[in-house]
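Given chain A, put chains E and L in place with the hints provided.
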Amino acid sequence: MSTATQPLVPPLVRVHDLAKTFDVSAPWLNRVIERKPRTLLHAVDGVGFEIARGQTLALVGESGCGKSTVARLLVGLYAPTRGGFTFDGQDAHAAFQGRDARALRRRIQMIFQDPYASLNPRWRVEDIVGEPLREHGLITGKAELKARVDELLTCVGLSAQDMARYPHQFSGGQRQRISIARALATAPEFLVCDEPTSALDVSVQAQVLNIMKRLQRERGLTYLFISHNLAVVRHVSDQVGVMYLGRLVELADKHTLFSHPRHPYTRMLLDAIPKMHDTGRARTPVQGEVPNPLDPPPGCAFNPRCPHANARCRAERPALHEAGAGTRVACHAVQEGRL
Amino acid sequence: MALLEVQNLVVEFPTRRGVLRALDGVSFAIAPGEILGVVGESGAGKSLTGASIIGLLEPPGRIASGQIRLEGERIDHLPHAQMRRIRGRRIGAIFQDPLTSLNPLYTVGQQLVETIQTHLPVSAAEARQRAVQLLKDTGIPAAEQRIGHYPHQFSGGMRQRVVIALALAAEPQLIVADEPTTALDVSIQAQIIQLLKSICKTRGAAVMLITHDMGVIAETCDRVAVMYAGRIAEIGPVHAVINHPAHPYTAGLMAAIPDMESERDALYQIDGAMPRLDTIPPGCAFNPRCPRGFQARCRTERPELIAAGPTQAACWLHDPASGVTA
Amino acid sequence: MKNPLHRWLDSDMGHSLRASPLAMGAACVAAVCVFCALFAGWVAPHNPFDLATLELSDARLPPAWSPEGSAKYLLGTDDQGRDILSALIYGTRISLIVGLAGVALSLAIGVALGLLAGATGGWVDALLMRVCDVVSSFPAILVALLIAGVARALYPDAPEGMAFGVLILAIAFAGSNGWVQYARTVRASTMVERGKEYVQAARVTGVPPVRIMFRHILPNVTGPVTVLATIQVATAIITEATLSFLGVGAPPTAPSLGTLIRVGNDYLFSGEWWITVFPGIMLVLIALSVNLLGDWLRDALNPRLR
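Chains as they are written, first to last, in this note's numbering: chain A, 23 to 361; chain E, 177 to 502; chain L, 161 to 466.
Hints should not be assumed to be uniformly reliable.
Calculated cross-link-like contacts (lysine to aspartate or glutamate; reagent style DMTMM-like; alpha-carbon spacing at most 25 Å) [stated by the list, open to error]:
1) A:297 x E:302
2) A:276 x A:240
3) L:356 x A:217
4) E:312 x A:311
5) E:373 x E:210
6) E:377 x E:355
7) E:373 x E:354
8) L:232 x L:215
9) E:377 x A:293
10) E:377 x E:302
11) A:297 x E:437
12) A:235 x E:447
Covered, in the sense of this in silico footprint (three residues per stretch, anywhere, with C-beta under 8 Å from a C-beta of chain A), are these stretches of chain L [claimed, not checked]:
13) 221-232
14) 375-389
Simulated from the structure, these hints should not be mistaken for laboratory data. Given the structure is predicted, the values throughout are model-derived calculations rather than measurements. Glycine residues also receive a C-beta, built at the ideal position from the N, C-alpha and C atoms.
Isolated chain A, as found in the complex:
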């Protein structure tokens, strides 16, 4: 989706300067006795993007980049320290605190990573999938509830008999499908998916991804898809955002990002993926590891590992700026034309 074809409708989700800081200091007593300073973790540090209705934005990055925190901010599990996002024009965080919270929660739902922990082991599938319906008072009659749960289970490829079973009787892929059925119960418009297939086998992953794509087509759903697996991201997304240490370093549509990555970190990531069919090729992987998020490097977070870093990179933090072809990059080297 390039900027040349700007949609006439405003985007469904618009995130602006979103930030979340966690206080991970030692307990008060320890701090007083051992004279330790307060420790703050800037999990997300000023992230902004837009998602148009019916599209999928994927956020990729390695551990500690803050993508899971962004997911939780967008469903109201955390409140932002700075910035916020609008959903369908209204300020979402004000809505989450206010009286309209329930209406908003009907429209935004989430799918989690761990199929074994995302379903209550003591509840039957019928109760798990029916809970959002009961909670929001959407359906009151027992028979109608059962019928609706049956409908939801069928559309994810499970059967009516599965309603009476417990989660431990299902495989990982089936549990993830139950999670999807639960998320769809209130007919939401926006689904935040936090690594939904990372814990699944390859063939099961294919089944779940196919279901998700089909549901998006049938119901016009909008997805925020979090993943560390670039191949999966390439398959499901329309737009991709690359995160590093809480910041967005590149944001582009899928085709542009994978064919012409601009940011050095994106290039490094793409280069690091093991290629299946291009075997035997010698690669030189970039050295170094993601620094400690509690102590990020000054200036551009990537500068210790970047082959193109100069003095400005070590001092000044780059902002996300337009770099042509609908791509936004946060890199001094790209901005200065060095790359």
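Coordinates of chains E and L only, in the frame set by chain A:
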């Protein structure tokens, strides 16, 4: 002569409801210096194969029949004391989680020196020198200082390098690596794969790399064995298996993986799921899900590994007597 | 054909019970005790509390197999002519009821506070944990003694119901044997469950926090508590016996096993051993069987939890 030879390995778990066969007649060989990949989905039995070879099969699981030979000698039913000497000296192990593979109470140097001295007749000073050299070889900067550090002072990728150093400490001929890169970030994964390849080539150690990630296999291994429901479905050179799979399961698996080159709307999906240990169908284990299941024989007779071009596949499609071109 | 008992015996837990002869034996003994306690009126040959049936002339008779004993009083009589066997059966009933009620009260308080502490965190959690620390730093029996003793001293002629009420309270608050251990266990489990994704899913849906605590988290934290409670019944029974022995437990009109032991204590050295020994053996049997059952339960639940 092959370094490791596994012949018709059968691993069983006696349970209240009967005996479950987790591995059902697994056979393969690893040549000296070769990197063999063992790939499969959860429940296929690849970790169990590794555990049986190292001798770390958890009771009540036991090797019911078959042979494991290391350089011609049988190692499958050795007494504990003898197996301990082999483990470490001739077979090294790398596991998935670097955090729990290292003892948090001892420094990295102490653990390395302990391993070296247990298996090699060297003095403490020489053991320490070898330990420092090992750390340098595995790419840990400032090895002389870091040898005195504790595991928690290393990051994830560095810890896995230490684990690799530990596995190589007694200079084994075979390394069994069970999902060594699964818990690591993509960029670190690339570094570790590179390290494993180079260090094993320079030391002439063979590697049995167990993983579910086909991409890692493609980059690292010489040959690969694809496992399904406790049996080997296909085995052969890595390029042949990936680009021209002979077994329908391997073909389905390859088609289901989203890759970076092609663009598809829907991923190919193999319907159904791998059968659980107590519900393995008779005949070929894959037959209920197989798109090419073509004769009654698939449902009744279990296929052995049959030559199918450059690879071997356990599939009746490749039986020259069946009269079907695969 | 298969009734619920048969189906349960066929399950994993049932098999585990059948595999262990010790657990089977303990289960049988416990079942007999419970049966006797429930149907004391029909099982016991006499009613030891009906003053009209007592005959002082039958006082201090030895057990039936002794030369001076009589078949009417199988295990002998005490100093007031009460049949020891009947007193045992009624005493077991009181001990079991008090023990179970004490544990039930501990559970109610401990689970509620533990849930609150684990789910809320912050200063509520810190405060509750400090309270637990303080309560458990006192020796259990002293706290129970304090509560029961002070109540007895203030109201020596209290009605039976109040005496039992105080006794149950004393057991529930008996230091680290009381509600404190349940609170700690439940708090730890709650903190683990709270981070799990099904709880987050409920929060995303908009389920209010109290409902999440009771409908989502509570069913998942009761596992370890069940084992603890079973083993604690034995401790509660012994605590009650101790308090009764010391004279501040069960009221004299409804003697429990501890009271019987105390009564018999005075006659021990004059050779009338049966008044103390039989209640003592009964106490040991109950405590041991409940303890063994609790051990078996913990092991039976463990592999499934893994």
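For each hint, the structure was consulted:
no. : hint          : verdict
1   : A:297 x E:302 : violated (41 Å)
2   : A:276 x A:240 : holds (22 Å)
3   : L:356 x A:217 : holds (15 Å)
4   : E:312 x A:311 : holds (17 Å)
5   : E:373 x E:210 : holds (10 Å)
6   : E:377 x E:355 : holds (19 Å)
7   : E:373 x E:354 : holds (15 Å)
8   : L:232 x L:215 : holds (12 Å)
9   : E:377 x A:293 : holds (23 Å)
10  : E:377 x E:302 : holds (24 Å)
11  : A:297 x E:437 : holds (9 Å)
12  : A:235 x E:447 : holds (17 Å)
13  : 221-232       : violated (count 0)
14  : 375-389       : holds (count 3)
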